[in-house]
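2 protein chains.
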Amino acid sequence: MTDGERGLVDFRTEPARYKHWKLSFDGPVATLAMDVREDGGLRPGYELKLNSYDLGVDIELYDAVQRLRFEHPEVGAVVITSGKERIFCAGANIRMLSQSSHGWKVNFCKFTNETRNAIEEATGESRQVYLTAVNGPCAGGGYELALATDWIIMADDGNTAVSLPEVPLLAVLPGTGGLTRLVDKRRVRRDRADVFCTTEEGVKGQRAVEWGLVDEVVPRSRLAEVVSQRARELAARTDRPANARGLRLPPLERTIAGDAIRYSQVECALDRQRGIAEITVTAPTAPPPNDAEGVRAQGSTFWPLALARELDDLVLHLRTNEAEAGLWVFKTSGRADRVEAYDRLIASQQDDWLVREIRLYLKRTLKRLDVTSRSMVALVEPGSCFAGTLLELVLAADRSYMLAGARPGDSRPPATVRLTAMNFGAYPMPNGLARLASRHFSDAGRIEKLRARVGEDLDAKAAAESGLVTFTPDEIDWDDEVRIALEERAAFSPDALSGLEASLRFGGPETLESKIFGRLSAWQNWIFQRPNAVGPKGALVVYGTGERSEFDRRRV
Amino acid sequence: MTDGERGLVDFRTEPARYKHWKLSFDGPVATLAMDVREDGGLRPGYELKLNSYDLGVDIELYDAVQRLRFEHPEVGAVVITSGKERIFCAGANIRMLSQSSHGWKVNFCKFTNETRNAIEEATGESRQVYLTAVNGPCAGGGYELALATDWIIMADDGNTAVSLPEVPLLAVLPGTGGLTRLVDKRRVRRDRADVFCTTEEGVKGQRAVEWGLVDEVVPRSRLAEVVSQRARELAARTDRPANARGLRLPPLERTIAGDAIRYSQVECALDRQRGIAEITVTAPTAPPPNDAEGVRAQGSTFWPLALARELDDLVLHLRTNEAEAGLWVFKTSGRADRVEAYDRLIASQQDDWLVREIRLYLKRTLKRLDVTSRSMVALVEPGSCFAGTLLELVLAADRSYMLAGARPGDSRPPATVRLTAMNFGAYPMPNGLARLASRHFSDAGRIEKLRARVGEDLDAKAAAESGLVTFTPDEIDWDDEVRIALEERAAFSPDALSGLEASLRFGGPETLESKIFGRLSAWQNWIFQRPNAVGPKGALVVYGTGERSEFDRRRV
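Line by line, the protein sequences give chains A and B.
Each residue of the first sequence is one higher than the one before, starting from 0 at the first, in numbering that gives the first Met the number 0.
Each residue of the second sequence is one higher than the one before, starting from 0 at the first, in numbering that gives the first Met the number 0.
The following block holds chain A by itself, in its conformation from the complex (with noise of 0.2 Å):
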């Protein structure tokens, strides 16, 4: 990753190149701890003291948390743990917020709460249970970052206590999913959560315990021996493959060239003047391996990873680097039927660890889309491939085209969309539900119509019956009602479209992760935004200046 102000943030590492975490190995336990360079800062004017962290820091972690899953499926714990002596975490680095843009917070909020529900979903679907050893105060942060692990274990030693201390020292919210967390994850009684996250010096000891912040506390002397016992109660109810090798995820190459960003299957061209993102994925061109043997002999070349690590950096990239682009329009480009025998040796072999992990990457890649602040359209036309997998682009999209008959002098027939298996619920949205499912509000009758049509080539006729695209002009229309509809878009306030947006998508049930991308970033967007923390005496701005803050007292 680059350092410079205006230079492009990367998200691409590997551990030989991390700066701020060690990971060790021992047997079926890994230890990931955390040892912030203080000088290691993504960008100039702020020292990462006290193993705080910015986005470079969380970047590594995310690195990590994805390499275990992949290269190691002998591990069935991880602990998280800090490096250094005096201290676990402090949170997200003050002076590093108090110098970003409002934009720049919202982002490096979401991809981090985005990192914390991927260690969850490590734990619950990867069979890779995360735990916490508290060696050290654990402000900020760093408590939502063990909240995000099954299980924490504190040191009671006088010094180490856990705390969300935003609220009274900063006047913000914690960013990371905290707040819901404590509630709903671990369900901290509402007052003594109200208690605890506007105590400053936070909460030790059996207290801790009592009120269901971390799940045991033990004395210094005796944390290592503790955690290494509890990792290996943990990591022995793995479904993990003991003896498999892993695949090893080699460097991600890209290149961009202008406003052409490419990959192997992915490609996306800038358009800065309209504000737009053209996003292509391509369709595999070989059909696929018979099995899982196959698929761990092509490796990181096996096209539903390649199409799942391509999408995702291309989501981080563009989320960070290119702000302006507030419309990404989705297109594909291949052999339907290839894209479906992919997803039917994904639904096959659903119980091989490394094609559930490629699910599984694929549906975490698919739920950023569901919660990035861009307008996203798809546009089908002939020479497409919106099948299954590839489908999902057309329903996590806020609307769709789908051209209907053909062009005039083009010899392709017309496009089709077709539902293969992996659109009933491999790739579940945020709020629990198939994209498909949100979309039809669980009506399981219809679910049901939609699955007898599996593998059925469907027109636009079809699919707007089957309510699966929004409009379907002719070629005279469409491309009049195509460019007016997305300059309409770009016209529009980028804000109003946010929110516009982020509650559209979730219709029906919401769960953890639904409730901390809608209420708790809507709020801490709203904080962010306000003079009471960003103003010149706001309480973020003024942290660590000596000077007081100063409030507007009025209540909203």
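No wet-lab data here; the hints were simulated from the structure.
All figures in this text were calculated on a predicted structure; none of them were measured in a lab.
Virtual Cβ for every residue (Gly too), placed ideally from N, Cα, C.
Take these hints with a grain of salt, some might be off.
[Said to hold, decoys possible] Derived DEER-like restraints, expressed as beta-carbon distance ranges:
hint, chain 1, residue 1, chain 2, residue 2, range
1, A, Ile-483, B, Arg-552, 44 to 54 Å
2, A, Glu-124, B, Glu-455, 42 to 52 Å
3, A, Ser-227, B, Asp-456, 23 to 33 Å
4, B, Gln-272, A, Gly-543, 26 to 36 Å
5, A, Glu-199, B, Asp-336, 36 to 46 Å
6, A, Pro-508, B, Ser-347, 28 to 38 Å
7, A, Ser-441, B, Pro-250, 43 to 53 Å
8, A, Pro-14, B, Ala-463, 47 to 57 Å
9, B, Ser-220, A, Ile-475, 32 to 42 Å
10, A, Ile-483, B, Glu-209, 13 to 23 Å
11, B, Arg-206, A, Pro-381, 23 to 33 Å
12, B, Pro-288, A, Ser-441, 28 to 38 Å
13, B, Glu-549, A, Gly-543, 32 to 42 Å
[Unchecked claim] Residues from chain B that keep clear of chain A, each with C-beta distances beyond 12 Å, as calculated:
hint, residue
14, Gly-26
15, Arg-221
16, Asn-242
17, Leu-359
18, Arg-363
19, Gly-424
20, Gly-537
[To be verified] For lysine-lysine, the following BS3-like pairs were computed, each having C-alpha atoms within a straight-line distance of at most 27 Å:
hint, chain 1, residue 1, chain 2, residue 2
21, A, Lys-83, A, Lys-48
22, A, Lys-83, A, Lys-21
23, B, Lys-448, B, Lys-460
24, A, Lys-184, B, Lys-448
25, A, Lys-448, A, Lys-460
26, B, Lys-21, B, Lys-48
27, B, Lys-362, B, Lys-330
28, A, Lys-448, B, Lys-184
29, B, Lys-536, A, Lys-536
Chain A is already provided as a structure; the job is to place chain B on it using the hints.
Chain B only, in chain A's frame:
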């Protein structure tokens, strides 16, 4: 209500004083016709053209919805329509919004949301069904009002359409639940909702029915006839008594003297220096009547009804007129056995229409507390009567302190709290759970144990063990501990506290209401702070000036 810019807003009104609504009756069907007086704005500086509304218009609507329940048991259906020839309603007045402070806008939206929720509650629980006759263009807040009703009939006349033009026109969100009701209540497909909410002119005719935006369209010439027929059909299904006498709600008596606000059962002392409103509720002095007939005889002086009206008015008053009182402290005074006796009466007469209305009014009033952006602390001391309905104040508070033992020289017995049947579901929160159930995360075992203790006097130790109160200092610690807690609270950023409280109060499930107050309102609050909406070139500010808005195109 007063008109002065600095004057207090008064929420008390009655039909004879309405400027903007006409209420008429035809047997079991009432009609509430909106006919806004252009020059009748609550504040100077804007004209209420095209049946647009401000807080004053909505105060009358709130009053009408309230009175229809109590004063008109014979009414089973209420038609909302427009009293003007060429317009149904243009929504909230834009000039009013653009010249209002951030706090005013947010508080205005909160109140209007509560009234729309009350319309849905009247339909569902009072069995007084609301329907809408859309007899002209119906935009923004106008359509959101229609969305709160159970059946929407629209004239098919080429001129009449429903629309939510906020995003394209004003760069803000529909602020009265429209987005949530579109996808979660009416189950409009998300891509269609996206198109609808970005189409300034809205949708009319058959497409509006097909997309689920309205329930039927009829020729203009037949509108009155069809509406009348539907209203009678819906009214016929009510369980309200056709021949009962309504209970008239006389003007609510209140005195404001200096920093004291007094009603018959509720009083409030403002400590402006410390930003505290101390609210004391008095228990009934006499035993309750024997039955529903006795309730009718007491009329508006029946203690639970008086309590509901007075607390309701106080909450609205403080929210709107006392923004700097950021901390509300609840106290009670009187005999707990009296409170419990009234609770028993309400529980035993729950099938009586009037007793049901009184319970629902208490429920709505207590729900206002849950969504109020003020910190709340309950103080349980000797002489208090936190039993049943009044114990809800402890459970609604962000935290509570209960004095263990007596004070020297105080001959009264130590404080106790008491559960009644009313704590187990009579007053659900916006998330659909009783406060007790929400507090204990629907832990059925725990709730059943508490149910076994109904009617018992629980001292500080028992109340703490039962998880009903937060802290139980003795008389040596009480003064310091409470004082420091209140002072600390008053020193924190009001905005951070609002976000914190909104995040911690609603563990567990989400409902339409909790989504509106959590997700949607938080996004709207954010947008209401963004320069793209409220900056010098923001869309809300330049609207109607002929100038074009200018947007910062970066997505956040």
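*In ascending order, which of the hints set out earlier in this document are inconsistent with the structure?*
1, 3, 12, 20
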